[in-house]
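There are 4 protein chains.
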Amino acid sequence: MTTPSDHFILTFSCPNKPGIVAGVSTFLFEKGCNILEAQQFDDTETNRFFMRVVFNVVASEASLSEIREGFTAVAEGFALNWTLRPKAEKRRVLLLASKFDHCLADLLYRWRIGEIPMDITGIISNHPRETYAHLDFDGIPFHHLPVTKATKLEQETKIWEIFQSSGSELAVLARYMQVLSDGLTAKLSGKCINIHHSFLPGFKGAKPYHQAHARGVKLMGATSHYVTSDLDEGPIIEQDVERISHQDSPEDLVRKGRDIERRVLARAISWHLQDRVLLNGSRTVVFRD
Amino acid sequence: MTTPSDHFILTFSCPNKPGIVAGVSTFLFEKGCNILEAQQFDDTETNRFFMRVVFNVVASEASLSEIREGFTAVAEGFALNWTLRPKAEKRRVLLLASKFDHCLADLLYRWRIGEIPMDITGIISNHPRETYAHLDFDGIPFHHLPVTKATKLEQETKIWEIFQSSGSELAVLARYMQVLSDGLTAKLSGKCINIHHSFLPGFKGAKPYHQAHARGVKLMGATSHYVTSDLDEGPIIEQDVERISHQDSPEDLVRKGRDIERRVLARAISWHLQDRVLLNGSRTVVFRD
Amino acid sequence: MTTPSDHFILTFSCPNKPGIVAGVSTFLFEKGCNILEAQQFDDTETNRFFMRVVFNVVASEASLSEIREGFTAVAEGFALNWTLRPKAEKRRVLLLASKFDHCLADLLYRWRIGEIPMDITGIISNHPRETYAHLDFDGIPFHHLPVTKATKLEQETKIWEIFQSSGSELAVLARYMQVLSDGLTAKLSGKCINIHHSFLPGFKGAKPYHQAHARGVKLMGATSHYVTSDLDEGPIIEQDVERISHQDSPEDLVRKGRDIERRVLARAISWHLQDRVLLNGSRTVVFRD
Amino acid sequence: MTTPSDHFILTFSCPNKPGIVAGVSTFLFEKGCNILEAQQFDDTETNRFFMRVVFNVVASEASLSEIREGFTAVAEGFALNWTLRPKAEKRRVLLLASKFDHCLADLLYRWRIGEIPMDITGIISNHPRETYAHLDFDGIPFHHLPVTKATKLEQETKIWEIFQSSGSELAVLARYMQVLSDGLTAKLSGKCINIHHSFLPGFKGAKPYHQAHARGVKLMGATSHYVTSDLDEGPIIEQDVERISHQDSPEDLVRKGRDIERRVLARAISWHLQDRVLLNGSRTVVFRD
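The listed protein sequences derive, respectively, from chains W, G, V and H. Position 59 of the first sequence, counted from 1, bears residue number 59 in the working numbering, the numbering being contiguous throughout. Position 19 of the second sequence, counted from 1, bears residue number 1019 in the working numbering, the numbering being contiguous throughout. Position 33 of the third sequence, counted from 1, bears residue number 2033 in the working numbering, the numbering being contiguous throughout. Position 83 of the fourth sequence, counted from 1, bears residue number 3083 in the working numbering, the numbering being contiguous throughout.
Quick caveat, the hints were computed from the structure, so don't treat them as lab data. Since this is a predicted model, take the numbers as computed values, not measurements. A virtual CB, placed ideally from N, CA and C, is assigned to each residue, including glycine. One or more hints might be untrue.
[Claimed, not checked] No farther apart than 20 Å at their CA atoms in a straight line, the calculated lysine to aspartate or glutamate pairs in the DMTMM-like style are these:
hint, chain 1, residue 1, chain 2, residue 2
1, G, 1204, H, 3233
2, G, 1087, V, 2252
3, V, 2256, G, 1242
4, H, 3087, W, 248
5, W, 204, W, 233
6, W, 204, V, 2233
7, W, 87, H, 3233
8, W, 207, W, 248
9, H, 3256, W, 115
[What the hints assert, rightly or not] In silico negatives: residues of chain V with every beta carbon more than 10 Å from chain G:
hint, residue
10, 2113
11, 2126
12, 2154
13, 2258
14, 2283
[As the list claims (entries may be wrong)] Coverage of chain W stretches by chain V, computed from C-beta distances (three or more under 8 Å per stretch; other residues unrestricted):
hint, stretch
15, 215 to 228
16, 278 to 288
In isolation and in its complexed conformation, chain W is listed as follows (with noise of 0.2 Å):
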């Protein structure tokens, strides 16, 4: 399924008042667009208003920068805080992982497949490249950044020039089990997606599957969220759980989450490559697919 070049993504936010779907929508169609999806959201507890529009060129030449410009005046007259780009265009993404590869291995499937639409920049890791004989990188620069208390400082720096010099626009913390440091979170804000092996709120920091045990809840589940300075307090993206029971054992919550963590996080990333995921505050607006 490759998707035509006149298709174009707009996304925006801005202070809720009358008038602002006819405005944008008036103005695609004078510029001779169709529009394919909308998705609109009217948060009345801050009064702000968030939109997602698919649309394609169908009765005129208009470029991607005609567009773009007459949308100046429109975005200017309601103060929108916007996006808009290519749908075919691939965003280039950054993979970060350590030991269990789970999540590593699943995201470079449904990347070869297509799944989700992606150029895979580069993948850091504070374990060797034997760890991962079995994966093929298919080309992809692995990079092994071993990290100490004493080396984090330079490590992470080594991180955010790979960031950088591949052009990359999303870290993901593919069970990269190491916590980022303030500096380089703040960096890396709304463009760094963690994956957290437990149903945030609950079971926050380190062994968050042994917590669940201890606590003997009856459901366990995985969270994907943007990374914040403050530790598994991110904007949430996606959500997931599965049934557990007095059974279950941390290892098997280990093996029993693998499938939770590695389905959340992916649809996490793809909505996030799909423009589907707006932030809002503290929290995120997820037009679903």
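Knowing the structure of chain W, use the given hints to seat chains G, V and H on it.
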């Protein structure tokens, strides 16, 4: 939560073409209306477009009739099949039940606390009033209409008379265990919702829980759908399931099914009454809450 | 579905060692009993063994007291902590509610149709009888026990007196919105089930749906647990969740939560009354149906 | 997690009568064995009893052959249909796949990390090795067996030869898109597991996702079952579902279905290999983990 009287729900479907959203939203803006919710769906298979808009009047004194009149021109331009009504206006609903009253009791409860916004015009049963001795009908007219093969025509004629004379807009088969004739089905087309106690299309017809047990399925379900002359083949509005096991006898399925049935039926009715369900041939577009 | 009077439920837990199942099953066989259901759990962390057996008497005239007497020797040999009772014997249950009556109404319905096998000994509320004007209490004694900070001690003393004098074996907090004191909690240890309207351990305490909304979680839940002096920290019996989205206001969560709460509480009570729930420290072993 | 070599799994089914559990557990106790896990099911419809016991040898030097020999007498006394094997012994499994490799890739991953305890004896496909260029088969023999109507008999003969000569005990149709003939099906009875991409019994046969889309169901699913000569009618081992909506095209269902298929198939295989699945006529008893 009372809905202000200036809130309206507009729904429509039409052949898809550019400019529909612009046309509708510009009309609303010019009439002084503010869009509060909007959901749309572009069926690329049938090239049909579906939309639901909730709006209120903020910058004018426009009445419903003025808006309706003005909108007629827009609607004609796009060949819209449309409805427009005050959100606060309660629909009139006729309930039909048989011996098992779990759906009936549940709907009465949800109605009483205001969860499902409807006026109940009557309760029809083929069983006598004492079957529901513990249910408080709260002044709702009750009609005992026993039925045999020989009297089915007369009985259905009475149902139709009650539906019409009470000004009912929707009939709900809340585990009413009589198959409606083609004649009555035709009159109630799009205005009659049933709950079938299986995950359709599996286990149509009689005793679906026994069928499910015999087949050894690992999940059981219920389906709410519009009634058509083709038994259990009408457009599906909502479905849900629960996990079961080899331990569950047919009686266990009956018990566990009650919970699924009542929540599936309640959702379907709520969505229908909020104009969230639009027919799309033999399927439905459901703009979920 | 009446249960024959010769069906019995045996439960026990004990330090694990070889021969327990052989000892118990051989005893039952020799007494002329047939095992109908058996579930067991060997907690390798605590080295404790849990078992539930349902049996009937098929090849003898053994009475419950004879079986009980004979079993005492077996029980002593393995240091069993055990219960044995006729399956058909209904437990006596005291319900407590506050203004929101969805759990109360639901439990009364399930009791009436025989789904939950119990005798309801009374209904206590801090709100007057007219709060439940549309509920048919069917002769169950109602106790209006208003409470203020100043009168809490006296009110709880009355609750305890009613619990005792009515021969109640279980107290159910069916959305009873008063925190029980440590004193009353201690007396009701293992005999008091609460429904908390969040997926614990997330969102303890007051207004959990508002907390869930503020945190932006993507699934909401409810938890039924034994009440302990540590608020919302008691052993969890059952939990369930539903998917929500950014569109859901706190009021929507309240509405959607009612369905989750009532089914989670009903399951927990049913399982407790069928001796399916065994305490294992701060957790539970639940032999689900 | 290596399993000690003195752990054994015993399963059996037999006509129900008093004393079975006593007989079996007493035998094990007298042989110096300790029961670690036990699950049982009494099918009151067919009067057949099913049991699975995991035990280890703690108080003797009994070997498997000694236990097996001794148990034969017990088994004859109760007319048991039984199996007994070391828990640590890996079963030999032959995988069959076609073009879509999501189930194959997933099973290889789970095998590699030790989640599914099996020895893979070979991979058969009607597509050439390069179809799976990015999958590391790690020395597993690959057999390219193209098939046409005219060559089906020969191709299936080769499959059967490979199954036999490799000592395979289970064949897994991991989205192998050829219908097996009755002849091969008969030989593989109870030893061949398929994944069908619908929630059976809905949407049997070809293109189930397109069928599901056309019917407008609100949940989609997948089913893993033993293969019988009656297409998609074999005993069901496991099923699961996900919610979908009117927005989902058949292609979306294909995409979303991959996640369901692979987890349903993996569970079914795991349970089969752990002797958790016992046939009960056209249904299964599944002692879930």
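Now for the hints, and whether the structure bears them out:
1. G:1204 to H:3233: 17 Å, holds
2. G:1087 to V:2252: 17 Å, holds
3. V:2256 to G:1242: Holds: residue 2256 of chain V and residue 1242 of chain G sit about 17 Å apart, inside 20 Å.
4. H:3087 to W:248: 18 Å, holds
5. W:204 to W:233: Holds: residue 204 of chain W and residue 233 of chain W sit about 8 Å apart, inside 20 Å.
6. W:204 to V:2233: Answer holds: residue 204 of chain W to residue 2233 of chain V is near 17 Å, not above 20 Å.
7. W:87 to H:3233: It is violated: about 43 Å lies between the C-alpha atoms, which goes past 20 Å.
8. W:207 to W:248: 15 Å, holds
9. H:3256 to W:115: Holds, at about 10 Å.
10. 2113: With a cut-off of 10 Å, residue 2113 of chain V comes too close to chain G, as the shortest Cβ separation is near 7 Å.
11. 2126: Residue 2126 of chain V is indeed farther than 10 Å from all Cβ atoms of chain G, at 19 Å.
12. 2154: Since the minimum Cβ distance to chain G is about 32 Å, residue 2154 of chain V lies beyond 10 Å and the statement holds.
13. 2258: Given a closest Cβ separation of 8 Å, the condition is violated.
14. 2283: 22 Å, holds
15. 215 to 228: Coverage by chain V holds for the stretch 215 to 228 of chain W (6 residues, Cβ < 8 Å).
16. 278 to 288: With 7 residues closer than 8 Å to chain V, the stretch 278 to 288 of chain W meets the three-residue bar; holds.
Checked against the numbered hints listed earlier, the structure breaks hints 7, 10, 13; every other hint is satisfied.
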